[in-house]
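2 protein chains.
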Amino acid sequence: MNFCHTCGKQVSLKIPDNDDRKRYVCDNCGEIHYQNPRIIVCTIPCFEDRILLCRRAIEPRLGFWTLPGGFMENEETTLEGATRETLEEACARIKIHGLYTLFNLPHINQVHLFYRSSLLDLDYAAGAESLEVELFRQDEIPWEEIAFPAVGNTLELYFRDLVHGEFPVRSADVLLTDDGKRYIKSHH
Amino acid sequence: MNFCHTCGKQVSLKIPDNDDRKRYVCDNCGEIHYQNPRIIVCTIPCFEDRILLCRRAIEPRLGFWTLPGGFMENEETTLEGATRETLEEACARIKIHGLYTLFNLPHINQVHLFYRSSLLDLDYAAGAESLEVELFRQDEIPWEEIAFPAVGNTLELYFRDLVHGEFPVRSADVLLTDDGKRYIKSHH
Chain U
1 MNFCHTCGKQ
11 VSLKIPDNDD
21 RKRYVCDNCG
31 EIHYQNPRII
41 VCTIPCFEDR
51 ILLCRRAIEP
61 RLGFWTLPGG
71 FMENEETTLE
81 GATRETLEEA
91 CARIKIHGLY
101 TLFNLPHINQ
111 VHLFYRSSLL
121 DLDYAAGAES
131 LEVELFRQDE
141 IPWEEIAFPA
151 VGNTLELYFR
161 DLVHGEFPVR
171 SADVLLTDDG
181 KRYIKSHH
Chain F
1 MNFCHTCGKQ
11 VSLKIPDNDD
21 RKRYVCDNCG
31 EIHYQNPRII
41 VCTIPCFEDR
51 ILLCRRAIEP
61 RLGFWTLPGG
71 FMENEETTLE
81 GATRETLEEA
91 CARIKIHGLY
101 TLFNLPHINQ
111 VHLFYRSSLL
121 DLDYAAGAES
131 LEVELFRQDE
141 IPWEEIAFPA
151 VGNTLELYFR
161 DLVHGEFPVR
171 SADVLLTDDG
181 KRYIKSHH
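In order, the protein sequence lines correspond to chains U and F. With the numbering used here, the residue at position 165 of the first sequence is 165, and numbering never jumps. With the numbering used here, the residue at position 21 of the second sequence is 21, and numbering never jumps.
So here's chain U without its partners, still in its complex pose (with noise of 0.2 Å):
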């Protein structure tokens, strides 16, 4: 950020007046510009004992595997979001459930949370976002070819309570090793 988006002059970084962190302030205005973690919503699209998931049209993970979902917009719910988000990606209409998992990505600054849902009906389809789109049972989720571990992490969880068929909710952090490797280290 260099620029105020209000008045258009150049933003400063330092702590603001009762603030302990840098934030951009407009020299001319003073306008604090807050930034802040954006949510991303995302669902796991059931039908019987499958799951539908989105081959990625579009970096990063072009060619892997994931659960449909995007950023959650304003004016809209977390529910609204993922049943957007399904629609968009893989032309599929569902029943949410509930909240299922709740992962914190600080290095890129996203929560993402994943809504347990029911396929309304068959006529899914690639969405503009996915080259192609399939319901897997569990012996056929493409494991090695999962895009995120967000998603990987939540289909592992799913067929591990579906066994009981009790769903809590689950949250966990992803984050970075050293060497920029991500791993998951979960809330429980």
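These aren't lab readings, by the way, just hints derived from the structure by calculation. A couple of the hints might just be wrong.
Any copy will do: because identical chains look the same in the list, a pair fits if it lies in one copy or spans two.
To be verified - Heads up, simulated SDA-like pairs for lysine to any residue below, C-alpha to C-alpha not over 20 Å straight-line:
#1 Lys9 x Glu31
#2 Lys9 x Gln110
#3 Lys22 x Gln10
#4 Lys185 x His97
#5 Lys185 x Leu79
#6 Lys22 x Glu76
#7 Lys185 x Glu75
#8 Lys181 x Arg160
#9 Lys14 x Asn74
#10 Lys22 x Glu73
#11 Lys14 x Asn28
#12 Lys95 x Lys181
#13 Lys181 x Glu76
#14 Lys9 x Ala57
#15 Lys181 x Ala57
#16 Lys95 x Asp121
With chain U fixed as given, assemble chain F onto it according to the hints.
Frame of chain U, contents of chain F only:
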């Protein structure tokens, strides 16, 4: 938003290519300035059968009681943010047990997360944004002076779940009626 924070030239509100909603787009460098909901991280700090509340020293709802919480910052996790806010607002050290409630507030583009926690000691005090900080038993809670619907609802649910000692994660939307009154619509 009037100006691009990267190049300082004017922005226009328009729908970018391959998008379906209006964004602020720079007329000069083309940067798209996405705006997304922010996360408020809060805790329910417990000590035996009492809960710690803070009386707000700032607007909105100055003088009303709330659970400690505030904006999640970049580069932190939800747990770190909730712990930090509890220290800032109530000078209280806690151990977090788990996520308890999630509220969408789409009219102000916020998602509020409340975490169950235990006070590690009784050396709490009013932080800069609190007038006073106090422990309340269920029958002592100042129900008529609670600052926000999500806080009141979280406290109600908590005391109800406390009877059985089980605290499933619950979520809801805080919505506005046509005449601007807030009401809670549970997801379950």
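Now for the hints, and whether the structure bears them out:
When the C-alpha separation of lysine 9 and glutamate 31 is checked against a cutoff of 20 Å, the pair qualifies both within a copy, at 11 Å, and between copies, at 17 Å. In this assembly of identical chains, lysine 9 and glutamine 110 lie within 20 Å of each other by CA distance neither inside one copy nor across copies; the values are 29 Å within and 28 Å between. Proximity of lysine 22 and glutamine 10 under a CA criterion of 20 Å is satisfied intra-copy only: 16 Å inside one chain copy versus 26 Å between copies. Taking the closest pair of Cα atoms, lysine 185 and histidine 97 come within 20 Å of each other only across two copies (15 Å); inside a single copy the shortest separation is 25 Å, beyond that limit.
Taking the shortest alpha-carbon separations for lysine 185 and leucine 79, only the inter-copy value of 12 Å comes in at or below 20 Å, while the best intra-copy value is 25 Å. When the C-alpha separation of lysine 22 and glutamate 76 is checked against a cutoff of 20 Å, the pair qualifies only between copies, where the shortest distance is 15 Å, while the shortest distance within a copy is 30 Å. Only between protomers do lysine 185 and glutamate 75 lie at most 20 Å apart by alpha-carbon distance; the minimum there is 16 Å, versus 32 Å within a single protomer. Taking CA atoms no more than 20 Å apart as the test, lysine 181 paired with arginine 160 passes in neither setting, with 25 Å inside one copy and 43 Å between copies.
For a Cα distance limit of 20 Å, the shortest separation of lysine 14 from asparagine 74 across copies, 16 Å, qualifies, whereas the shortest one inside one copy, 28 Å, does not. Proximity of lysine 22 and glutamate 73 under a CA criterion of 20 Å is satisfied inter-copy only: 11 Å between copies versus 26 Å inside one chain copy. Only within a single protomer do lysine 14 and asparagine 28 lie at most 20 Å apart by alpha-carbon distance; the minimum there is 14 Å, versus 27 Å between protomers. Taking identical chains as interchangeable, the C-alpha atoms of lysine 95 and lysine 181 are never at most 20 Å apart, the minima being 35 Å within one chain and 28 Å between chains.
When the C-alpha separation of lysine 181 and glutamate 76 is checked against a cutoff of 20 Å, the pair qualifies only between copies, where the shortest distance is 18 Å, while the shortest distance within a copy is 33 Å. For the homomeric pair lysine 9 and alanine 57, neither the shortest alpha-carbon distance inside one copy (39 Å) nor that between copies (32 Å) is at most 20 Å. In this assembly of identical chains, lysine 181 and alanine 57 lie within 20 Å of each other by CA distance neither inside one copy nor across copies; the values are 23 Å within and 43 Å between. Taking identical chains as interchangeable, the C-alpha atoms of lysine 95 and aspartate 121 lie at most 20 Å apart only when both belong to the same chain, with a minimum of 10 Å there against 44 Å between chains.
Of the hints listed earlier, those the structure fails to meet are numbers 2, 8, 12, 14 and 15, in rising order.
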